[in-house]
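Asks: Per this note's numbering: the sequence shown = residues 9 to 247.
Read the hints as simulated data drawn from the structure, not as lab findings.
With a straight-line Cα cutoff of 30 Å, these simulated DSS-like cross-link-like pairs (lysine-lysine) come out:
(1) 77 to 166
(2) 27 to 55
(3) 171 to 142
(4) 154 to 196
(5) 61 to 25
(6) 142 to 196
(7) 149 to 171
(8) 237 to 13
(9) 166 to 154
(10) 237 to 171
(11) 166 to 142
(12) 133 to 154
(13) 154 to 142
(14) 55 to 237
(15) 77 to 171
(16) 77 to 196
(17) 171 to 196
(18) 142 to 77
(19) 133 to 171
(20) 27 to 13
(21) 240 to 133
(22) 55 to 240
(23) 154 to 171
(24) 166 to 133
(25) 61 to 27
(26) 171 to 240
(27) 25 to 13
(28) 77 to 133
(29) 48 to 13
(30) 196 to 133
(31) 13 to 240
(32) 149 to 133
(33) 237 to 133
(34) 237 to 61
(35) 25 to 55
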Amino acid sequence: MRLDKLLADMQIGTRNKVKQLIRQGAVTVDGAVQTAPDLKVDPNRQKICCFGKDLRYTEYVYYMFYKPKGCVTAHRDAMHPTVMDYIDCGRRGLSPVGRLDLDTEGLLLITNDGELSHNLLSPAKHVSKVYEAKISGCVTKEDVEKFAAGLEIGDESKTRPAKLEILPQGGPFDVRVTVTEGRYHQIKRMFAAVGQSVLELKRIRMGSVALDPSLHPGEYRMLSDEEIKALKTQEEAGC
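With these hints in hand, go ahead and build the complete structure from the sequences.
Replies: Below you can see the structure in the form of structure tokens.
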């Protein structure tokens, strides 16, 4: 990787700014001042410093974001704030893994690891997504059985079997739903198929990663090494 690209990727400055810093002698590689912006470096093997500060570079970064209602899962939008407006981490190339509707809240993974993102979303992998929902009416045992058998929601094929759990009364949500696919407006369409409307919807888990209860809407944190490893192990196994 070029030295100037590395510094720019780490948001030390624009490409022109970091070239200027390098030429001014502000950057060292393995303790030696380097003034060539196009110098090839290996950040995993070499110690790179800017103004004496060690730059610890990792190629891929992974975040858990608590998406609030009212923002869209996009990089930019003319009418609404986007999920990327909340992420101020100094890394380029980040994208959300999948999407949540404008009025849906909850867990959204954000990363620059395109391969992991692709595998987590691949229909062949059947990665589970867990939601909690507030419903307009009463959910019955028959509804639970229909979800388990798969539902006709207007697509070419029925939905894959889904787990519908009725939650104790008095809580903020009525039901918990686990699906292993990601069709357009799937949860809302599944409840519509049994004569119900979704009033509120929150995603609480994707695969092995659960929404951190300490996060508030609009907040995010880096995934732990254990969470990243679990996601990668899971997508390789197709769980």
